[in-house]
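Chemist: Numbering (our numbering), first residue to last: 1 to 381.
Hints are supplied without guarantee of correctness; some may be wrong.
What the hints assert, rightly or not - DEER-style ranges, computed between Cβ atoms:
#1 169 x 49: 49 to 55 Å
#2 78 x 127: 41 to 47 Å
#3 262 x 127: 36 to 42 Å
#4 90 x 333: 26 to 32 Å
#5 328 x 92: 30 to 36 Å
#6 329 x 211: 31 to 37 Å
#7 333 x 157: 29 to 35 Å
#8 49 x 369: 37 to 43 Å
#9 322 x 133: 26 to 32 Å
#10 131 x 260: 53 to 59 Å
#11 299 x 329: 21 to 27 Å
Keep in mind the hints are simulated off the structure, nothing from the lab. Beta carbons are placed, not taken as given, at the ideal position from N, Cα and C, and that holds for glycine.
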Amino acid sequence: MTLTSPGPTVGVVGGGQLGRMLGEAAAPLGLELLVTDPTPDCPAAPVVRDQLVGDFDEAATLRELAERADYLTFEIELADPDVLERVAEETGTPVHPAPETLRTIQDKLVQKRRLSDAGVPVPEFRAVDTADDLRAACAELGYPAMLKARTGGYDGRGNIRVEGPETVEDAIDDIAGPAMVEEMVDFERELAVMGCRGADERDTFPVTETIHREEILRESVAPARASDAVRERARGVAHDVLDAMDGRGVFGIELFETTHGEILLNEIAPRPHNSGHWTIEGCHTSQFEQHLRAVTGQPLGSTDQRFPTVSTNILGDVAERQPAELRGENSVLATPRAHLHWYGKRDVYALRKMGHVTLTADDRDGLLADARELRDGLTFE
Numbered sequence: 001m002t003l004t005s006p007g008p009t010v011g012v013v014g015g016g017q018l019g020r021m022l023g024e025a026a027a028p029l030g031l032e033l034l035v036t037d038p039t040p041d042c043p044a045a046p047v048v049r050d051q052l053v054g055d056f057d058e059a060a061t062l063r064e065l066a067e068r069a070d071y072l073t074f075e076i077e078l079a080d081p082d083v084l085e086r087v088a089e090e091t092g093t094p095v096h097p098a099p100e101t102l103r104t105i106q107d108k109l110v111q112k113r114r115l116s117d118a119g120v121p122v123p124e125f126r127a128v129d130t131a132d133d134l135r136a137a138c139a140e141l142g143y144p145a146m147l148k149a150r151t152g153g154y155d156g157r158g159n160i161r162v163e164g165p166e167t168v169e170d171a172i173d174d175i176a177g178p179a180m181v182e183e184m185v186d187f188e189r190e191l192a193v194m195g196c197r198g199a200d201e202r203d204t205f206p207v208t209e210t211i212h213r214e215e216i217l218r219e220s221v222a223p224a225r226a227s228d229a230v231r232e233r234a235r236g237v238a239h240d241v242l243d244a245m246d247g248r249g250v251f252g253i254e255l256f257e258t259t260h261g262e263i264l265l266n267e268i269a270p271r272p273h274n275s276g277h278w279t280i281e282g283c284h285t286s287q288f289e290q291h292l293r294a295v296t297g298q299p300l301g302s303t304d305q306r307f308p309t310v311s312t313n314i315l316g317d318v319a320e321r322q323p324a325e326l327r328g329e330n331s332v333l334a335t336p337r338a339h340l341h342w343y344g345k346r347d348v349y350a351l352r353k354m355g356h357v358t359l360t361a362d363d364r365d366g367l368l369a370d371a372r373e374l375r376d377g378l379t380f381e
């Protein structure tokens, strides 16, 4: 890629916080961003060249995005792979990661089958459509089991724990659509690896420990508090996942470390991921810069970690939707090596991701507790 002014334009489907952080990473690379999002003045709007207001699967909007951009990518899985594939063919604007990869990942059952067939270790799973299917599957997998909607779920939405035979009917009714069920994994910790496919390169960021409550990511600890051997196995699985995918870009690869030390794939996202936000301060190259490098065919940057890092999400702590007014931020701003990231969302509601705080140190001991203390001093009430 030859740098010019103005530089190449990357069209991004989605203008949420991931689009915003992609926009912040674009300028030093000589890139301009154009986003499409159905919400006027979306979080990415202040840091990109322009926003097209339109749905993620709206053909006319995606065509305009492709016509005005040199490259296309997406920051949300609600993008329509069929439309992206069609407009890419008609306009000649490449899409990365490949629409076929997006199509695979949008359906959790297809995703698991694809990766299992490629030799990636995954929990035992079954396709289920009816209560009888679920009973038969759980007879093999055992109770409890995890029922998942095949499409549309995120942050725990679309996941239902099936405790026993008496809960089967309600679980199927709640999913209300095609589903899959997995064995319940007895895990020591949850891990994540941000992997990246470049034009001729593969690389992974350091293995991260992810801490969830209510199935929502709360904190990311890097490097993960796991043994060197476990971290090496996790990176190995991540490389296997990258080999099974098509197209260039960053992939968020969520994993389980079982109580027996095995590494099993949970899910993957074909884009930058919440569990990689710590890389902005913690690595020589952030996941957002890396994604843009890959999409535009530039060499990948160094994924080496600079120092131990914890990132903690700022979530809505209010009962009812209301205008977003964060209080207590001065304590973060006054703390050495603490970094506040505000996503610019106009309204807050319970558990909505509004920003994150990243804290770095020369030693990992006490870092998680310090980051939590900073986060807990923030409120919207």
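Chemist: Taking the hints in turn, state whether each one holds.
Modeler: Each hint, compared with the structure:
| no. | hint | verdict |
| --- | --- | --- |
| 1 | 169 x 49: 49 to 55 Å | holds (52 Å) |
| 2 | 78 x 127: 41 to 47 Å | violated (23 Å) |
| 3 | 262 x 127: 36 to 42 Å | violated (23 Å) |
| 4 | 90 x 333: 26 to 32 Å | violated (48 Å) |
| 5 | 328 x 92: 30 to 36 Å | violated (50 Å) |
| 6 | 329 x 211: 31 to 37 Å | violated (22 Å) |
| 7 | 333 x 157: 29 to 35 Å | holds (33 Å) |
| 8 | 49 x 369: 37 to 43 Å | holds (41 Å) |
| 9 | 322 x 133: 26 to 32 Å | violated (42 Å) |
| 10 | 131 x 260: 53 to 59 Å | violated (32 Å) |
| 11 | 299 x 329: 21 to 27 Å | violated (37 Å) |
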